[in-house]
Amino acid sequence: MNFPILSSLILLPTIGALFIFFVRSSNSQYQSSKYVALFITLANFFLSLYLWIIFDKSIVDFQFVEEREWISGFVNYKVGVDGISILFILLTTFITPICVITVNATIKNRLKDFLIAILILETFMIGVFCSLDLVVFYLFFEAGLIPMFLIIGIWGGERRVYSAFKFFLYTLLGSVLMLVAIISIYWITGTTDVIKLYELGIDAKYQNLLWLAFFSSFAVKTPMWPVHTWLPDAHVEAPTAGSVLLAAILLKMAGYGFIRFSLGLFPDASLYFVPLVYTLSLIAIIYTSLVALMQEDMKKLIAYSSVAHMGFVTLGIFTMTQQGIEGSIFQMISHGLVSAALFLCVGVVYDRLHTRLINRYGGLVSIMPKYAIVFMVFTLGALGLPGTSGFIGEFLVLMGAFKKNILVATIASLGVILGAAYMLWLYKRIIFGKLINEDVKKMVDLKRFEIVTLWLLVLPIIFFGFYPEPLINSIEVSVANMIDMNDLDKINKLALGD
Amino acid sequence: MENLQLIIPELFISIMIMFLLIFGVFKKNSSQLVYNLTTVSLVAALALIINLDAQIQSSLFNNSYNIDSLARFMKILLILSGIFVMLSSSKYIQISKISKIEYPILILCSILGMMVMISSNDLIVFYMGLELQSLALYVLASFNRDNLLSTESGLKYFVLSALSSGLLLYGCSLIYGFSETTNFNQIMVNTKEIEYGLTFGIVFILVGLAFKISAVPFHMWAPDVYQGSPTSVTVFFALLPKIAAFTVFIRFLYIPFYELGNQWQMIIIFLSIASMVFGAVAAIGQKNLKRLIAYSSISHMGYALAGLSTGTTQGVQSSITYITIYLVMNLAFFSCLFMLKRNDEYYENIDDLSGLSKNHPLLSLSLLVVLFSLAGIPPLAGFFAKFYIFVAVINEKMYFLAIVGLLATVIAAFYYLRIIKIIYFDPEREKFESKHNLGLKLTLVASTFFILAYFIYPSGIVDIISQININ
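Residue numbers (the numbering used here), protein chains in the order written: chain A, 35 to 532; chain B, 136 to 606.
None of the hints are false.
Taking lysine-lysine and the DSS-like style, the derived pairs with C-alpha atoms no more than 25 Å apart in a straight line are:
| # | chain 1 | residue 1 | chain 2 | residue 2 |
| --- | --- | --- | --- | --- |
| 1 | A | 468 | A | 334 |
| 2 | A | 334 | B | 556 |
| 3 | A | 142 | B | 493 |
| 4 | B | 556 | A | 200 |
Some residues of chain A that are not near chain B, with every Cβ distance over 12 Å (derived):
| # | residue |
| --- | --- |
| 5 | 77 |
| 6 | 91 |
| 7 | 114 |
| 8 | 238 |
| 9 | 260 |
| 10 | 331 |
| 11 | 386 |
| 12 | 481 |
| 13 | 506 |
By construction, these hints were calculated from the structure, which means they are not laboratory data.
This structure is a prediction, so every number in the text was calculated from the model and none was measured.
A virtual CB, placed ideally from N, CA and C, is assigned to each residue, including glycine.
Model the full assembly from the supplied sequences, consistent with the hints where possible.
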């Protein structure tokens, strides 16, 4: 394998962005730049699909590793994938073309700039998931702020400036400590290469502080309670495609970071801080679910539900069991699909009525039956009904949690009920009920491109709900290896006093 | 005297100054010609310096004038910045009616003074160079003499600078008194013991130098002078004196007083933290772009000083890298400022940028890149500049400095974001002129490209800088 497939994945969207940038545009060429973007993102998707197919799922090592000297004698540009990261790359390349398709309806001005921003963002997102060097990771992780800031700020709603600033500054503040930690790791161990660090390990006396520094960054990005407040604002004000990318992929960077770095590099500290993460996760699950119940804005409700779902993810990761971690990864992928779909659904009605207030709708089932069907699937996926991908994730996480701490698991299970409550209530208020408002009656059902995008999301949600094997298969070996390598099991047993 | 060839660049510039003065007086209406000749002579001087051996290490005039790799690198940086400043501001000085023959000649004088500073290995030579550059700068700051702000800034700079020069000279005399010599190497030999007088001397000299690079708490002049001076002079202020003063900083701390690191380290750390934090906080409320960039440069100097405060070769190298990248970023920023022109009038308020991205997408994109880079967001050059600094700082276990510095970047990010917000999110205003002269465009494109593409090959500059011999 000499073809640098990962670097191509990273670079392809940027090349597309440059192409769109340099081609002179008049109004008529707006469409063509859209097709260029669609073509590039689809090419990227098929490339990553090909990567997944030729990826050997039985090997624990990182595959397709590329290494080049970058900052001489200090940092090497190093990328590679294992069973975990490849799924996130697939998710990214799957969601991005869907976002490109939706721009038609949602983006009215400066379409070209928007496409460039999305493509650049895709580069950074893929970079995050396959970088195998801490500095390279940080670079991609932070760089993603720039396009997202612009997406929220330029194409957002009324309070876009406030939301964009909040998003940017919160995330930046969280991340700077991570930079200190990364540089410290370099001076402690002499390398920032993740694979080497896995082998070397980091002295236990440094781990706690380093863990906290990484945690500050990931907790903001996840987002965990109490630093989640930027998320509802960012979601509400962002354009549909921005919300989709934010919910589906940007939030997953943190969960991925927890698994790859917090667990992988600082196993002792991770164990030490388990109670902290449990507490914050439970608060996130219960508290934000309750908050979600009270929302009157559809996007805000889904945003809070994202916080709750990410609570399951962090809970699962820090159970440090095979099921828990696998469940978290599954939950992240599933939430990536479901939340993306829900934001698209909100976008569909928002484009027609230009409001996100729940009580302005009602009775949509009689005028938009096609919409009602897909929305039903996503609602069920979000609340984790068996047969949808949401169920597998939550179930595995809870299974892992029951293994470790019954109290925590019981409380978390309550969150599932609350989740069902707010999602079904949302569905009831929008789709059922009486058709009162005149302007709602004039709404038209799904257009063709909306049907395509939404059904593209319905299929994997149901498919992986019934047949999770392909995903589980892919992550199984890597997760087992991570648990083995860091003796998480042994640590667990010691902690349990066996 | 066979070593005289080593100072050919300085001699060449001196001769050009005299020639151009005479030439300008005798030939009527020659201001533009003199300006162009100045640029050409800077290019020639650059060629002469590059011609020197990269690993050169020799001293002249009884060991009071050093020609070494540090001096060579800094002079290249200095003259390159000078050339770009001349290229980018030629149109500005015509339109602002300050196109007189004295203007380029004063710039040459000041550059000559800076070159002397950079090479000085002796307190007297250093002071001589400092005064030569300062005197030219006083006049330049108030060059637009019909403008109240410009006159004020010149006067302000003169008074405060004279005060700081006085302090600096007092420091020099104290050091001479306690070490019986003015030569840097000799001072190192003679000052093995710490004496109070010596410490005072160091403090006074550091105050004088901190004034020149506008580090907090000696920054008061910077915002007023930046705002009041003609923009073409402001860009000069923002770039060139910083290079010279910084080189002296390095020489002064790392040659005569290297052994007394514990005496000056706390001072530098204080200057650094104060500059980083103050620069970031004070810039938030600014409405004038030049004033804002003054505060921003204060905080940038704080980061550069953080590298120096480590007392290691790595720290110095990271500071030099920082200064280099800082120069490029500021050059790009000011090039953008020069483009905000409408009907022969230049605009410099932040509000004037409102909605710039709709009418001038390319200019706004450059500004976006420059501002994110100034804020230190990866993958732009500004991030790497800060990264090297923090690598050096954390290596010395100075975590407090590193964390304060990084938190200051978050505060600073706010006001850079505010400009971006105004450019990209706010409603558009009247168009600016879109025709600009070639030199200005060249400067902007080159500097923006440097910032954008730096991450592709970050080792390039670091490798060159790591060749520099400090001690």
